[in-house]
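Top to bottom, those sequences are chains A, B, C and D.
Residue numbering for the first sequence is 422 to 842, as defined by the working numbering.
Residue numbering for the second sequence is 422 to 842, as defined by the working numbering.
Residue numbering for the third sequence is 422 to 842, as defined by the working numbering.
Residue numbering for the fourth sequence is 422 to 842, as defined by the working numbering.
Quick caveat, the hints were computed from the structure, so don't treat them as lab data.
A hint or two may mislead.
It does not matter which identical chain is used: a pair holds within one copy or between any two.
Claimed, not checked - With a straight-line Cα cutoff of 27 Å, these simulated BS3-like cross-link-like pairs (lysine-lysine) come out: (1) K739 - K573; (2) K573 - K730; (3) K647 - K744; (4) K479 - K573; (5) K479 - K739; (6) K647 - K573; (7) K706 - K744; (8) K445 - K647; (9) K647 - K739; (10) K744 - K479; (11) K730 - K706; (12) K730 - K445; (13) K647 - K730; (14) K744 - K445; (15) K744 - K573; (16) K573 - K445; (17) K739 - K706; (18) K479 - K706; (19) K744 - K730; (20) K479 - K647.
There are 4 protein chains.
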Amino acid sequence: MAVYARRESQVRSYCRSFPVEFTKGRNATLTDRAGREYIDFLAGCSSLNYGHNDPDMKAALIDHITGDGIAHGLDMHTDAKTAFLETFERVILRPRGMEHKVMMTGPTGTNAVEAAMKLARKVTGRDTIVAFTNGFHGMTMGALAATGNAGKRAGGGMALHGVVRMPYEGAMDGVDSLAMIEAMLDNPSSGFDAPAAFLIEPVQGEGGLNAASADFLRGLKRLAEKHGALLIADDIQSGIGRTGPFFSFEGMDVMPDLIPLAKSLSGMGLPFAALLVRPDLDVWKPAEHNGTFRGNQHAFVTARVALEKFWTDDTFQKQTEAKAEFLERRLSDIAALIPGARLKGRGMMRGVDVGSGETAGAICAACFEHGLVIETSGAHDEVVKVLAPLTIPEAQLAQGLDIIEAAVRSRIAGTTPIAAE
Amino acid sequence: MAVYARRESQVRSYCRSFPVEFTKGRNATLTDRAGREYIDFLAGCSSLNYGHNDPDMKAALIDHITGDGIAHGLDMHTDAKTAFLETFERVILRPRGMEHKVMMTGPTGTNAVEAAMKLARKVTGRDTIVAFTNGFHGMTMGALAATGNAGKRAGGGMALHGVVRMPYEGAMDGVDSLAMIEAMLDNPSSGFDAPAAFLIEPVQGEGGLNAASADFLRGLKRLAEKHGALLIADDIQSGIGRTGPFFSFEGMDVMPDLIPLAKSLSGMGLPFAALLVRPDLDVWKPAEHNGTFRGNQHAFVTARVALEKFWTDDTFQKQTEAKAEFLERRLSDIAALIPGARLKGRGMMRGVDVGSGETAGAICAACFEHGLVIETSGAHDEVVKVLAPLTIPEAQLAQGLDIIEAAVRSRIAGTTPIAAE
Amino acid sequence: MAVYARRESQVRSYCRSFPVEFTKGRNATLTDRAGREYIDFLAGCSSLNYGHNDPDMKAALIDHITGDGIAHGLDMHTDAKTAFLETFERVILRPRGMEHKVMMTGPTGTNAVEAAMKLARKVTGRDTIVAFTNGFHGMTMGALAATGNAGKRAGGGMALHGVVRMPYEGAMDGVDSLAMIEAMLDNPSSGFDAPAAFLIEPVQGEGGLNAASADFLRGLKRLAEKHGALLIADDIQSGIGRTGPFFSFEGMDVMPDLIPLAKSLSGMGLPFAALLVRPDLDVWKPAEHNGTFRGNQHAFVTARVALEKFWTDDTFQKQTEAKAEFLERRLSDIAALIPGARLKGRGMMRGVDVGSGETAGAICAACFEHGLVIETSGAHDEVVKVLAPLTIPEAQLAQGLDIIEAAVRSRIAGTTPIAAE
Amino acid sequence: MAVYARRESQVRSYCRSFPVEFTKGRNATLTDRAGREYIDFLAGCSSLNYGHNDPDMKAALIDHITGDGIAHGLDMHTDAKTAFLETFERVILRPRGMEHKVMMTGPTGTNAVEAAMKLARKVTGRDTIVAFTNGFHGMTMGALAATGNAGKRAGGGMALHGVVRMPYEGAMDGVDSLAMIEAMLDNPSSGFDAPAAFLIEPVQGEGGLNAASADFLRGLKRLAEKHGALLIADDIQSGIGRTGPFFSFEGMDVMPDLIPLAKSLSGMGLPFAALLVRPDLDVWKPAEHNGTFRGNQHAFVTARVALEKFWTDDTFQKQTEAKAEFLERRLSDIAALIPGARLKGRGMMRGVDVGSGETAGAICAACFEHGLVIETSGAHDEVVKVLAPLTIPEAQLAQGLDIIEAAVRSRIAGTTPIAAE
């Protein structure tokens, strides 16, 4: 693997935590060149909610390729695209009463977020998007402005424009974020002008698995309506079943105006993204936002299979919720081992804030030594984050958690409590 | 196909010109649901330089999928990635004496451009990127600032920052663009501060197939060096063999500092992009620019096959150059049919400026009626653009050109010359 | 006065509240063309702290003009400038232990603020200035970005850059602004990057006479030092004796790094401004910030007289403080007449929040009918603001307050309490 | 004068070229503390077009002050303001058929420019102002963006927004600036969007005394009308008689939409500025752009005297034109002494480009030794600039020119020609 040091940019990152060469993946199991197997609690940062290489998706994709199905079709009509759109409408949109249009953006989350930000500004004629502390929305200049991480922001090399930052629910002790936003918007001399949109992750993936309440999301929607702004729910990491239902905001009695989706949307981890748009906001002119790879044809094939396999009834959601309960119980127990630690997140998007990045990093490193791929999250990398495939067998989920627990026990034996670090 | 009107965003575009449903592609031939065949002179806007569904790429990809090869691996090491990097180094970089590092960006051209712009700003500590009239670099906010098209820029919904615009070579009658840029940079009161970089397409794809000369590119490189700036050659549409050699600037005695690649890089039209970085400029910190889909694993497989199949010797380049000569001859003849028309472009990136968007649109529509998929280009859509697969059989290339010629002849019969339109 | 409607821009404002033509001013008394006299509780928005036409300043200025003293000297050395600088150093800076340099900016407050913002950015290499809700700092694009008022901001016609807004002390119920700022700065993923400076009015003049505590200002200074930022105290309206001492922050154990001064600095209401700069921050190159009218020569003459007359001992400050006590007592009594009303401000920068702009406007209009020039302040113009000359005779101060009280009594007779408006 | 080193900011500039302390000024003569007299060829950078301390202005101002006339009146109606407006309308606007409204901005040129830029953006709903190479418009952030000088721009400490730069007429050899601007505006993919306004100095004061032709200004006006933009003529340095007529663009058959005025507007060098606004563009809301010192009352008095004394017939303009002819002849002769040198400017705004800043600086320094106050101009400070009061006696003008000629002769004796420097 010397070629990586020789020829890949220093910007590479995950490979530094997991310095092996992976060769195979099947559901929650990764295999490296030496044949060693790993449990995958990272799942492509939630891009592999259905695990690696689902056999039905594989079969459909191989069939498509074998038959010279279109691999690249710009945004032209194809049979694969037709089938995906019809399935998405039938299985996802209609049952949830959603009138949203589907905008095929470039196949990355950041592109879907950029499209949402552009559309919100275009529709409202306003510049400012309100984003939240610890938010993560992407690396291109529009989305990067909405991303909180100082290091990543600095990578932009110039000032980032068009975003005002507010505390996420619960981010500041003693500050009722919603009340503060409302007070500032109601004060015509606050210097905080009415925004084009609120852009929020219902559960913050990179920012430490902070989960917004239904009250908070509904409150934002109310403020958005009051001030002529839009609500953008970035469900890129939290959506596609990660918290149980298809969208993370289901059951909260709130309907976002724009919904960027990516990561697990293709089902198989292929690059694919889309923006759901409230139909009256779909004021784009043809090609006003375009891109070569919008509408990945291979992803249409696998995404359709995923929708048909997992979302035509509530079986999968219930299975996820059952696993989430188990995960919550186990992680609570693990958190209890560490003085000051606390459980974070929601559904199968869970982690433990262990108090410092140093501790969390040490725990993850120890896990990897024992065959578990797992990463940290949070402003200080202080959260040990579990993003297992939703399809992981229960026994393997338990096995992975055992590895975490052992790593924690080993770490805390002989260490001082968090408060003293 | 009613689902498109019902559920796809108004932003869709190419499908409006070609209102059929494609189901198969093989080299330069597309097939629609009704079984009708089309010659493809659009080739995914140069994303399919090797045609649709190359059999060797297909086989390798099916093999990879069948064997549970990694489909999504973030930026971790995988066998597919190792093989791609080693092959790219061996077949492309080393023979051309290029020390560049490969940065895996998100799998779209705009992401590679954004990474280049960010890096240029980070390295130089300057904000401004010089871009050129009629340039097209992408739709996310950083790249959009560098894109010339007013309609697309307006889609951003807010002011775009960090870009100064200069005339592309030959864009303004009587203006020596290089001399003007130099004079402005030499004048400390010009208000045109030394930039972070010059960002240029060696041949402008969307902007009307304008081709920069070696003198112009070398001149920019000289100015870049004189003023501590970088030269970014956006070879997304013009690279990967489109003009003959792998890079469009080969043989011009100029080496860009940063080179965004995308479109045909995967070989098979899969979403894939990379940024080549002069090694001393690779000052990124780990993860400073990241993204879920950087390094598309399936694309690693097909891209490697493409490199091995087409670039280990100069056979393919010579074939392309031969076809380009034929294309130039035929298009010159066609241009001669239209008063005032002129040939544009270079290599297999060629077109005819027919004087107006109305004429060009009518010609392309007539072509499609006769089974040819072809599009316009240029600020006023005034160029009929030929972007056939480089692998197109000569007979089929001739057949497509016959269709164009017939459409032109039919159009000009009974119309007044261009000047009077 | 028909010429105003015919030829002056619609942007004119104060003349709309006081539709008479003033011809003379002497201390706190204005006279109109008809010979009617008015008590001046506006005092040029605190530009006339020493009243109109102080006889000693008049005499010195007439003497200067008569003797062909320099009226305009760019920033060249003149006897008037030398005398001013020496006096300012001797009377103001040295006794307060201030090492600050004096930067002669353009003769307006906004220019002094712009100079401070530019210098803070230049020194720190950072873009962002933290400004506060309800702040007012000027109308040119740099200062306007820091001004809170939405209407004035909209007048800029484009997005305003480089400012992040935080709640002023006490602006948001239940929000400890200082704690929130600190928490956001301590969180590397907050999206709130370390700023170049905090820009604050110790007492907000236009924003509703909100007064920051010593704890708050000291806290900002501590945060500034902790994060490598500067503290800019905009003492344009609150300085030059308005709150008692020369600077509004005296006695608070906090020393700002940059202090914009204007308004009453000339003593006689002539255009004059300066920026005080901590000497190690005086990194300007010669002429890096320049301007034709920086250093108004006539103002040097009158400002020197003012310093010598009022600030060589503490007599004037004590007189001001005595008047401020009287003012506070009287305004408290007046506030008590209005259900829900409350006293605002500090020193001789006082007012009553009467609950609505409608009420405050009606009170001020009634006052003017009875010969008192007085204006409102606050985000909703809800504060009746008293900015009498500090030199006003006590009897006249009482007389003006009697007019306010009468207006309030007349207003509330027959009206419902505030809460019901 | 030790206080300057001790207490004035390093930013001070002119005093470095003229290290004496001036005490008196009368018409074109300055006197220093030691009683030495100087001829003033700088005239407050054109702020003293009527010389120092005009006796009629002095008398009127002393009379005003003696009678307790209003010194500071915000933007309230006063007798001095009424008289100024009526006189300005009668003497300047009506005879020239100008319907413009007068907007009282803060009393500096930069403030008048900022008001113009804001209004142009507000009226058109567009961000971009086109400014020109070597332009100088002020130091506050809005105007600074339009200023060309790199050093001054860098003083802003952050990116400057909202301005696109084009070559001034003749700035680039072989480039027809007007044709290029038109071509770029006509190209919808040029990336040069239709601007809010063109902002131009008819004669560039700081930028090297470049004078635009009537054709160029009319061409800009035509382009402005074609593209819905405004023409802003910054006549701050070139207006108020400096080129002969009151406005520098008189006799050119072009009427700007917005005209910032300052410098000599007060007549006596007092801080005073105004923006003339085509009446249908006067869409400001009351106080939308405000400021404490807009409408300097003392300046109203002296400005009115100046208008009545110099502009009620064409005597003064003809005298200026006669002096300008003499100046042109003498400077042409001087230029002929220096190989490669050339005459710059128009009217009484004239200079000689001597080929380098070093030469120009040396000439000016030698002049000062012989009692002439004179400065350089231009991107490289390469122009020796004559800005004598228009009221200078002819003999004194000749005397000053003799000093320049002697300095030039002394400089070139023993030096090599320009080309070799």
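Against the structure, the hints:
Within a single copy, K739 and K573 get their C-alpha atoms no closer than 37 Å, and across copies no closer than 44 Å, so neither meets the 27 Å cut-off. Within a single copy, K573 and K730 get their C-alpha atoms no closer than 37 Å, and across copies no closer than 38 Å, so neither meets the 27 Å cut-off. Proximity of K647 and K744 under a CA criterion of 27 Å is satisfied in neither setting, with 39 Å inside one chain copy and 45 Å between copies. In the homo-oligomer, the alpha carbons of K479 and K573 never lie at most 27 Å apart, since the shortest distance is 35 Å inside one protomer and 37 Å across protomers.
Within a single copy, K479 and K739 get their C-alpha atoms as close as 25 Å, which meets the 27 Å cut-off; across copies the closest is 38 Å, which misses it. Taking the shortest alpha-carbon separations for K647 and K573, only the inter-copy value of 22 Å comes in at or below 27 Å, while the best intra-copy value is 33 Å. Taking the shortest Cα distances, K706 and K744 never come within 27 Å of each other, neither inside one copy (44 Å) nor across copies (37 Å). In this assembly of identical chains, K445 and K647 lie within 27 Å of each other by CA distance neither inside one copy nor across copies; the values are 51 Å within and 49 Å between.
For the identical chains of this complex, K647 and K739 are neighbours neither inside a copy (36 Å) nor across copies (50 Å), given an alpha-carbon limit of 27 Å. In this assembly of identical chains, K744 and K479 lie within 27 Å of each other by CA distance solely inside one copy; the values are 25 Å within and 38 Å between copies. Proximity of K730 and K706 under a CA criterion of 27 Å is satisfied in neither setting, with 35 Å inside one chain copy and 41 Å between copies. In this homomeric assembly, K730 and K445 come within 27 Å of each other (Cα to Cα) both inside a single copy, at 23 Å, and across copies, at 25 Å.
Taking the closest pair of Cα atoms, K647 and K730 never come within 27 Å of each other, the shortest separation being 40 Å inside a single copy and 55 Å across copies. Proximity of K744 to K445 under the C-alpha cut-off of 27 Å is restricted to the intra-copy arrangement: shortest distance 25 Å within a copy versus 41 Å between copies. Taking the shortest alpha-carbon separations for K744 and K573, neither the intra-copy value of 33 Å nor the inter-copy value of 46 Å comes in at or below 27 Å. In this assembly of identical chains, K573 and K445 lie within 27 Å of each other by CA distance neither inside one copy nor across copies; the values are 31 Å within and 42 Å between.
In the homo-oligomer, the alpha carbons of K739 and K706 never lie at most 27 Å apart, since the shortest distance is 41 Å inside one protomer and 41 Å across protomers. For the identical chains of this complex, K479 and K706 are neighbours neither inside a copy (36 Å) nor across copies (36 Å), given an alpha-carbon limit of 27 Å. Taking the closest pair of Cα atoms, K744 and K730 come within 27 Å of each other only inside a single copy of the chain (18 Å); across copies the shortest separation is 47 Å, beyond that limit. Taking identical chains as interchangeable, the C-alpha atoms of K479 and K647 are never at most 27 Å apart, the minima being 47 Å within one chain and 54 Å between chains.
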